[in-house]
Every structure is written in C-alpha cells, then in structure tokens.
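Go by the hints and put chain S onto chain X.
Going down the list, the protein sequences come from chains X and S. Just so you know, my numbering puts 30 at position 30 of the first sequence, and the rest follows in order with no gaps. Just so you know, my numbering puts 179 at position 179 of the second sequence, and the rest follows in order with no gaps.
Just so you know, these hints were derived from the structure itself, not from any lab. Some hints here could point you the wrong way.
[What the hints assert, rightly or not] Covered stretches of chain S, as calculated for chain X (at least 3 residues, CB under 8 Å): (1) 53-60; (2) 158-172.
[What the hints assert, rightly or not] Some residues of chain X that are not near chain S, with every Cβ distance over 10 Å (derived): (3) L44; (4) T47; (5) D195; (6) R205; (7) R217.
Source: prediction; values computed, not measured. Glycine residues also receive a C-beta, built at the ideal position from the N, C-alpha and C atoms.
Number of protein chains: 2
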Amino acid sequence: MQTASTSPHPTGKKAYEVVLDWVEGRILSGELSVGDVLPPERELAHTLDVGRSAVREAVRTLQAMGVVRSTVGAGGAGGTTITAVPSRALSQLLQLHVALANFPLTDVIEVRIALERLSVRLVSTHGTAEGLEPARSLLEVMAEPTIDRQSFNDADTAFHVALAAAGGNRVATDLTVAIRESMRLPILDRFRTLDEWDVVVERLRADHEAIYEAVLRRDAEAAEALMEEHIRTAWSSLDR
Amino acid sequence: MQTASTSPHPTGKKAYEVVLDWVEGRILSGELSVGDVLPPERELAHTLDVGRSAVREAVRTLQAMGVVRSTVGAGGAGGTTITAVPSRALSQLLQLHVALANFPLTDVIEVRIALERLSVRLVSTHGTAEGLEPARSLLEVMAEPTIDRQSFNDADTAFHVALAAAGGNRVATDLTVAIRESMRLPILDRFRTLDEWDVVVERLRADHEAIYEAVLRRDAEAAEALMEEHIRTAWSSLDR
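With the rest of the complex left out, here is chain X:
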C-alpha cells in the first residue's frame, strides 16, 4: 500500500497528485462547494485507482490549504468536508517563507502598507461604529500601564487585524492576518531587546489612537497617511 503513493499512476502523475487534481478540479468547476463531503477514503482510492495512503496524503495537503477539514462521523466513520478557512493556511505559508528569507521583511512591509492603507480607506468609507468596537477595546488593552511586551504585541497584532476586518474586505483581512502573524516573532524579538520600551510603547499607543480617530471621523486620506507613517516608523524604531 505504501508504494502506491510514490509509484507512478497510469496518467504519469504521482498517485497523491491524481487525488489532488480530482478534488481541485471539482472545486474549480463548482461541483464541490463548502459543506460538501468527499467520498470515503476507500471509495476514492478505488475510483481513482490509487492506494488509500495516496488519498490521505492529498487530504493532508488540502487541509494545509484550509480547503477541507476532517470530521469524525458517527461510529468513528469520519469524513472529509469541504471548508474555507484560508487565513491560517495563508499565515503559515507566509511565515515559513519569511523565515526562509525568500520574502525579505522590507518587501513584506511595503505590501503590508499597501494592504492596510486599503483597509483603513474601506473602514473610513464603509465602516460602522459597531464594526469598530473590537478595535476600540484593543486600544484600551494597549493603554494598560502595566502591560508586558508580549501582551502588547498580541494586542497590537489584533488591533491591525480588527481594523482590516472592520473594512470588510476578506482577502485584505486574511492577508493582513497572515502578514502580521509572519512578523509577530521578529517584532517580539525586537520588543524584547529594546532599551527604550517606554518611549516606543507611548509612540505606538499615540499612533494607534490617531489612526482610530481618523477612521472614526471618516477621514480616509488622513487614516491612510497615518497608517503608512505608523508602520514605517514603528518598524524603523525596532529595526536596529
């Protein structure tokens, strides 16, 4: 059974790729959509003339892309359901490629600026006070005088994500999550070794407040400029 996943399939593809192509083709054509359940492992293996381990490898790959999840059915039968949770998959992908230095941090930051400018523009034009509630709570968390560096970093990450979410663009939000997550460790490293933590944190608080005030008064231009300035200066104050 084990060799089935590595030996060539009649089509010339690897066995797990046959399964992957089958599922992806059906997603792209619209035959499979969110909530649909894949045929059982044994049946899919039989239909596609591959080993069950090949089916399992393909399913793991689809899981990693946030496209399916495994559900445990009654009697332990289990099933694989089409889902759509791209943000974790995107985060993981970007995080690994930042770590592999394939994506230089300066490139990541320029893209982050472009995306977050878009987000605050969308919040300024389409946002609602309710939609901004999570961002406002996070300002309060960050204002706590005794907050430690890690908690501040977590709330800071969440604040940027909350603004993106309030903008309502799902691609921008998921990419913002992915990019901010991919920078969480490098940023925390710098937070930890920073001598002038008190000075930096005061500056970050003021920046966040100013951005929040700008979107609240629907001043898209100011919000975009403040966000860009914030990301640039925050990074350069940390990057030494």
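Okay, now just chain S, sitting in the frame of chain X:
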C-alpha cells in the same frame, strides 16, 4: 503502518502534525534553511516515533506550501530538500478559495489594485529598462492583430506579473501572480462570451501601453492612477 498517521501520538497531536511541527519549528528558528536536506523518511519516523506514512503526509503538506521538494538521489535513495517557491502554492491557495466563494471577486480586485499600484510605483522609482524588457515583449504579443482570446488572456496575465517583477518586491510579485492566476479562468470565461471583443481588446491594449509609457518616464503617480483605472474598467467591461 497506516494507523500510525491517524492514531494519537503521545503528545496528543496527530502523527503527521508532529512531523510538520518538527520541520516548521526548525525552519522558523533558522536551523533549517534553503538547500538543507531533511533526514531520511525512516530515520525521521524513528526519531519522532511516528509511522513512515505520517512523515510522507507531512512532506506532501510542506510540498503544497512550496517549502520542500523531493529530489531523487543516487541509487534511488531520494531526499527531501528545503526550498522556497511560494508563488505556485500561493496561487493554488487563492484560486481554490476564490472558487469556494470565500473570497468574493470584488474583494480580490480591490486587493489586486492595491498591490499593482505598489508594483508600478516601485517600477517607476527603482525600475530599469532591462527589467522592463519582458513587459515590453508582451505588449508586442498582445498587439498581434490575429491573437486569439486565450493567448491574449495569457499574455495579459504575464504582462501584469512582468511589471510586478520589474518592481522587485517579491511578496508583491508572488501575490500578483497568485491573484491574477486566481482570476484567469473567470476572466477567460468572460472573454469567451464577449460580443464586443474587438472593442474591449483595443481598450486593453491602449491601457497597457499607457501604463508602460508612464513607468518608463518614471511617472509613478500617473502609472498608479492608470493601473487602478485599467483594472476597474477592464473588470466592469467584462462583468455582465
């Protein structure tokens, strides 16, 4: 052996997750970098106390994220090498999630505009004539009077990617590839059913030429505005 990949590991994680976490942890800490080879399947399975099928599932997942590739070694021993090819992985991920309607096309387009504005600004400020050579060749391909719809769509995709590449930001380039790829089929569908193909294609050619001229004379502001206008009108002329 097959049950090893699904039965719980002493850590409470699934067996393939143990392998995934092991590799990812080493990439994030910098212990594994591009060109390094993973321990052989058998050895890794033994070290981490999992079945070999679990190792293979984890490796497939890492392949899908563009983080490793399988290499066939001397004597068919084979090996798994750390690599860094995120663009195909990103494309596939976005394409599937667009198809699953998790990412509405209108959201994708707003993000595309933000990224491609960034790209043409970078080309206008840092680009070189040599870097723009591929984009220029593609203008000639698209100018061919007898070009069919699919070939035009391919060259159009490649033109946008070539501009991003000339800008030199690898994250923006890979995301542009991913986003444009994720739109290739929906756009081609619309190209195919379009009555006024001749009118639309003339307009697209003129847009591309104008964008190219703007970056060539290093007019970032014009290039950004033209790119945004191009993406918006091209889409609305197709979207009916």
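Here is what the structure says about each hint:
1. Interface restraint, the segment 53-60 of chain S with chain X: holds (5 residues with C-beta to C-beta distance below 8 Å; minimum three).
2. Counting residues of the segment 158-172 of chain S whose CB lies closer than 8 Å to any CB of chain X gives 4, so the stated coverage by that chain holds, three being the minimum.
3. No beta-carbon of chain S comes within 10 Å of the beta-carbon of X:L44; the shortest separation is about 15 Å.
4. Taking the minimum C-beta to C-beta distance to chain S, about 19 Å, the non-interface status of X:T47 holds against the 10 Å cut.
5. Consistency note on X:D195: stated as away from chain S, and its beta-carbon is indeed over 10 Å from all of that chain's, at 24 Å minimum.
6. Under the 10 Å C-beta cut-off, the non-interface status given to X:R205 relative to chain S holds; the minimum distance is some 27 Å.
7. The beta carbon of X:R217 sits about 22 Å from the closest Cβ of chain S, which is more than 10 Å, so the claim that it is off the interface holds.
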